[in-house]
Structures are given as C-alpha cells and as structure tokens.
Amino acid sequence: MSMSSWFTVRQELTPDRRKIIGWASFLLPLLIWCVVSYVPFIWHPMVAIQQPGDVDYFQVGMLIDKATFKEELANMQAQDKVSPEGKPANPIYLPAPHEVAKAFYTAFTTPPVQKDGLWLHQSLWKSIQVIFWGFVISSLIGVPLGVLCGTYSALSRLNEPFIEFFRYLPAPAFGALAVAILGIYDGPKIAIIVIGTFFQQVLIIANTTRKLDYSLLEAAMTLGTNKFKLLQHVVIPGILPELYRDQRILLGWAWTYLIVAELIGTTSGITWFITQQARYQHFDNVYAAIFMIGFIGLGTDLLLALLGKRLFAWDKPANKE
Amino acid sequence: MQNMNKPEKNLLLPSYLEQSDAVKQRFDKLKQRNVILEVKGLDKVYKTTKGETVALKNVSFQTHKREFVCVIGPSGCGKSTLIRVLAGLESYTSGEVLLDGKPITGPGRDRGMVFQGYTLFPWRTVKQNVMFGLEMNNIGTNEAGREADLWLELVGLEKFSNAYPHELSGGMKQRVAIARALVNQPRILLMDEPFGALDAQSRCKMQTHLLEIWRNIDITIVFITHDLDEAIFLADRILVLKAHPGEVLELIEVPVPRPRNTSQFTSPEFIATKARLDALIHPQDEKENTETPIQQRMIRFVNVQDNVE
Numbered sequence: 001m002s003m004s005s006w007f008t009v010r011q012e013l014t015p016d017r018r019k020i021i022g023w024a025s026f027l028l029p030l031l032i033w034c035v036v037s038y039v040p041f042i043w044h045p046m047v048a049i050q051q052p053g054d055v056d057y058f059q060v061g062m063l064i065d066k067a068t069f070k071e072e073l074a075n076m077q078a079q080d081k082v083s084p085e086g087k088p089a090n091p092i093y094l095p096a097p098h099e100v101a102k103a104f105y106t107a108f109t110t111p112p113v114q115k116d117g118l119w120l121h122q123s124l125w126k127s128i129q130v131i132f133w134g135f136v137i138s139s140l141i142g143v144p145l146g147v148l149c150g151t152y153s154a155l156s157r158l159n160e161p162f163i164e165f166f167r168y169l170p171a172p173a174f175g176a177l178a179v180a181i182l183g184i185y186d187g188p189k190i191a192i193i194v195i196g197t198f199f200q201q202v203l204i205i206a207n208t209t210r211k212l213d214y215s216l217l218e219a220a221m222t223l224g225t226n227k228f229k230l231l232q233h234v235v236i237p238g239i240l241p242e243l244y245r246d247q248r249i250l251l252g253w254a255w256t257y258l259i260v261a262e263l264i265g266t267t268s269g270i271t272w273f274i275t276q277q278a279r280y281q282h283f284d285n286v287y288a289a290i291f292m293i294g295f296i297g298l299g300t301d302l303l304l305a306l307l308g309k310r311l312f313a314w315d316k317p318a319n320k321e
Numbered sequence: 001m002q003n004m005n006k007p008e009k010n011l012l013l014p015s016y017l018e019q020s021d022a023v024k025q026r027f028d029k030l031k032q033r034n035v036i037l038e039v040k041g042l043d044k045v046y047k048t049t050k051g052e053t054v055a056l057k058n059v060s061f062q063t064h065k066r067e068f069v070c071v072i073g074p075s076g077c078g079k080s081t082l083i084r085v086l087a088g089l090e091s092y093t094s095g096e097v098l099l100d101g102k103p104i105t106g107p108g109r110d111r112g113m114v115f116q117g118y119t120l121f122p123w124r125t126v127k128q129n130v131m132f133g134l135e136m137n138n139i140g141t142n143e144a145g146r147e148a149d150l151w152l153e154l155v156g157l158e159k160f161s162n163a164y165p166h167e168l169s170g171g172m173k174q175r176v177a178i179a180r181a182l183v184n185q186p187r188i189l190l191m192d193e194p195f196g197a198l199d200a201q202s203r204c205k206m207q208t209h210l211l212e213i214w215r216n217i218d219i220t221i222v223f224i225t226h227d228l229d230e231a232i233f234l235a236d237r238i239l240v241l242k243a244h245p246g247e248v249l250e251l252i253e254v255p256v257p258r259p260r261n262t263s264q265f266t267s268p269e270f271i272a273t274k275a276r277l278d279a280l281i282h283p284q285d286e287k288e289n290t291e292t293p294i295q296q297r298m299i300r301f302v303n304v305q306d307n308v309e
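Just so you know, the sequences run in chain order G and S.
Position one of the first sequence corresponds to residue 1 (the numbering used here), numbered consecutively onward.
Position one of the second sequence corresponds to residue 1 (the numbering used here), numbered consecutively onward.
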C-alpha cells in the first residue's frame, strides 16, 4: 500500500482507514504523554528523593530541582558525608497517565473533605444543570429570534447591528453585574452562559436561515402559500437539519464558558472540585476532572449526532459525511 | 420530399407561414376559444445603482384557453423575467397583465409554476410534495392524499410516492414538480426551462410526456426554452423575443400538424419553422459583427506527419 494513497486531496477515506486515523487522533497525544512520563531520560527535570543522606532539609518523596540535587550531592561527597539518592521525576503538575486513570475512579469514591461538601458526581451534576439551563434559556429566545431575523430583513436590520456589537463583549465581564442582580448562587452562572451563547446563536441561526434556497419559497408561493404560512411550512422545516447542527456546535461553546461561569459568586460544580484539588496539589484529580468535562461534551455531541441522523433521514446528501 | 434534411434542398422549403387545411382549422378553432392570458404593453425596468436596465419593452400577446405557447429568445431577452412577472414573483413597471381579465398582483394558485431547478421540498416525500398546495389551501389531509395519488398516477410516479426527492432522477423530479403544480388545478401552467438541466434522452421523453398530459387535462401552458427544436415540437405558437431590450419579434404559428411525434423533426414544415426561428434569433449580420470569430489558424502541437483527419 503506497503512502501517497493516504494523502489524496479531498477524497473520502475507506471505512477502515477512517477508524484507524480516528483512534490515532486520541492515541497519539496519549503516546506522547506516556513517553514523557515513563521514559526517565526524556524531560524529567526533577529528582524524587529516595534517601536523604546527610542533607538536612531533604526528605523521602521530596521533589528537588536537578541542579540543586547535583550541588548537594557534590557537597556531601566533598565533605565525606552520606550521599543522598533519588530518581528522575516530572514536576508535580504533570502526573503520569496511570495516576490520572486511577484518579478517575478514586475521585468518585473519595468522600468530600468537609462534612457539608459535595461528592464528585454531585458537583458534576450541578455543572451539567448550569449548562443545561443556560443553553435552554438562550435557545428559547435565540432560536426563534435568529429564524425571524433570517426571514424578515426588517427584523434583521433592527437586531443584528446591536448583536454584532454585543457579541464582542466578553461574557465574564458581566460577572460582577450578574452577581449584583441575580445573587451569588446559580443565577449569575446561568446568566454568563446565556450571555456567552445567545448573541452568537442569533447571528449563526439567522445566517443559516438565510442560506435556505429562495426558490423553495417562490415555489411555495406559486402554490398558494401566504406570507405567514411560509415560515411554518417552508422556512422552518427547510432549515431544521442545519439548525440542529448549529445547536450542537453552540452547545459546545456553552461548555467552554462553564469554568468562568462557575467561578462567579460562590464557586460550585466541577470548578469547585478542580480548584479544591489544585489547592491540595492533587493534580491527578484535576486532570481527571478536566477530562471528564471533555468526555461528557464529546459524548453528548455523538449522541446528538446519532439522533440527528435518525430525525432527518431525508437529509441524506448532507448526512453522508 | 425525401431529401429534405439535406441543406442544399432548403431552397425548396415551403414558407413557415403556409399552413395545411387541418392546421389552419385548428388555429381558427383555437382563436375562437376564450382569451385566458392577456399581456398589453408590458415594460419591466430594473433600477440598479449603475442606472436602469430595460428587461422588457412593450411586450404584448394573447393566449387562448388550452393553448401551448413557447417563449424563445437569446440569453438576455428577458424570457425568464416575463414568466416571473406572469407568476407574480416579480413586479412590472408599466402595462397590463390580465388573467381571465383580472390583473395579476402577486403569486397565486391560479398560476402553477415549474422551475428549472426542480424546487421540490426535500423534507417531504413525493406524495407530500404533491399534497403541499392543497394543504396550503386548507383542504383536508385525506382528500389531499387522494388527489395527490391521482396526479402521481397521471405522471406515472405512483410507485415512488413515499420516496424522498433526493432519491429521484432529474426527469422524475420534474414530473413530481409538474404534478405538484397541476394538483392545484391552475388556470395556466408556467414552465421556466423545465427540461434545461436534463440529458438529451430524458428531455425527449419528458417533452412527449408533457404533450400527453396537456392533451388530457384542461390546462394552458406557457413554456420558456432556448431550444428551437423543443419549442417547435411542443408549441402551438412561439413568441420570439429579442435581447437588449426584450421585445417581441414575432408570434409564430407553428405549421407542424398535431398530434406531434419525433419523426416530424425532419418534416418540411418543421425545418422551415426552425430556419425562420434561427434567422430571427441569430441574424446573419449580427453574428458576424458581435461574436468573436473562432481562430482558424491553429498552432500545431503534434508531429506534422501524425494526422487524424
């Protein structure tokens, strides 16, 4: 099999190759992480002390800069004292893959430190709720407004210039304001997600609506459809698959606002878990929590994609991808 | 008369104005029918930032009930604009457009339209596409379904009623589009180069099929095309437009007798009509002046001895 057949410009890959490359996209970063973690002569800028020797401030398990370790080793040898021993190690902020994998399990089984604290699954559930409500509230207004803007030029001219301006304002900038108005609990967090999603949503969906083939509307009009029925019977069914795809992308954006949103007011959800664990330098738990967000996000998107294929069977040409 | 397709015999062609008795009788009968569509002094001017473009200038013609009219002309003659004005999809600057004596103000179900680009609703099955017009006019689903079945049978697609448009070939899509327009029982069917995107074979089939439909139902057809053969084969009368601005050159009564069949393509009347259309659309002097001449002296890129002709 020649190498060049893998790089044919814009040609569909065979199913086997699709699968192989799809897995590789996850396995390659993991491989790099493994190499950095498990091959002692690659990177490993620290030394983990196994024997403190006669160095007074060394302790077993302590992580010491390589340079400092060498200096102390030379010192001890010069003074004929017991030499310290250690092995190369990575900094504390880069745990090895197996440690993070273990943390995936232990993070769920470890009870909260404080009595009134939350278990990890409770924190996660809280985050999911914040995302859910933020996205639902944004969509309830954003989707209809987007469709209307895409259909009627007057509404588009009235709304879009302002929205175009507003979408450049960073959502977290409204944090303090949101707390002042909505209190310190879930209100301001949901508000940040709404602000972060809504304005993009209106513009994207208005654009999608405008992309609908105008001749379909003309055909409907020659069949006796009046202006008001056009929206319900042609515009909406016509853009539905595209709208659904837009919503999937927007849901992904909503997730990216989660951490900032949860820092506002009282820190809660997965963000609270991450900041707590980072404070105690349990970086394996931090990585595990970050990956969990990724898995939940990717998981929902795959589920929604599958559902979309079933809902819009008529959209075959587009579903081929 | 056997050698009529040889070009040098063209001199012996009858005039396209000569009509056999049968054809003359048909036209007399046709003209006694009610006028269904009347266009009087129609002007259409597009206003753009660069100035005004006259698309149609003083276009007038009449169409009688159950007539088949083709509109033909070079590109830029405004034939598409004309049919869109008739459909009510475009406004006009001045003049009158009357359907059954009443002015056209916008799109409506009394004028069905078939577009070149099929314009089927991809989210609806074939049957649901045909039902669309009825549903929009508040006819119950059951009755609409029965009507749709009837018209699908007429265009020979009853087996595909549950298929989606993307599963059909171009010719089949256009048959659905015709059924979808006809189910509303319009007074007039407007067709904007409907077979332009089809391959030669399916185009030929569709032309015969369309004539069959036209024969069997009470419908008047205005058909836009740029294909001379198609126009002569289908039409009772051909409205010839010229470009820049779009004006009526002539309204030709096609002397080819009905019923039509493909063997008539070589009949003297057919060839005479085609010659006349050709002369109208591609005037001899204009051809020499405006078209870039094809380069006769080619550079030779192959071995001089290697001749293919």
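No lab work stands behind these hints: they were computed from the structure.
What you are looking at is a predicted structure, and each value in this text was computed from that prediction instead of being measured.
Note that beta-carbon positions come from the ideal geometry of N, C-alpha and C, so glycine has one too.
Please note: incorrect hints may appear among the correct ones.
[As the list claims (entries may be wrong)] With a straight-line cut-off of 27 Å between C-alpha atoms, the simulated DSSO-like cross-links for lysine-lysine are:
#1 G:Lys81 <-> G:Lys102
#2 S:Lys47 <-> G:Lys211
#3 S:Lys57 <-> S:Lys24
#4 G:Lys309 <-> S:Lys102
#5 G:Lys227 <-> S:Lys102
#6 S:Lys102 <-> G:Lys229
#7 S:Lys102 <-> S:Lys274
#8 S:Lys31 <-> G:Lys227
[Claimed, not checked] Reference excerpt, derived from the structure (chain G facing chain S, CB under 7 Å, subset only):
#9 Gly224
#10 Gln232
#11 Ile236
#12 Pro237
Query raised in the report: Are there hints from earlier that the structure breaks, and if so, what are their numbers?
Result: 1, 3, 4, 7, 8, 10 and 11
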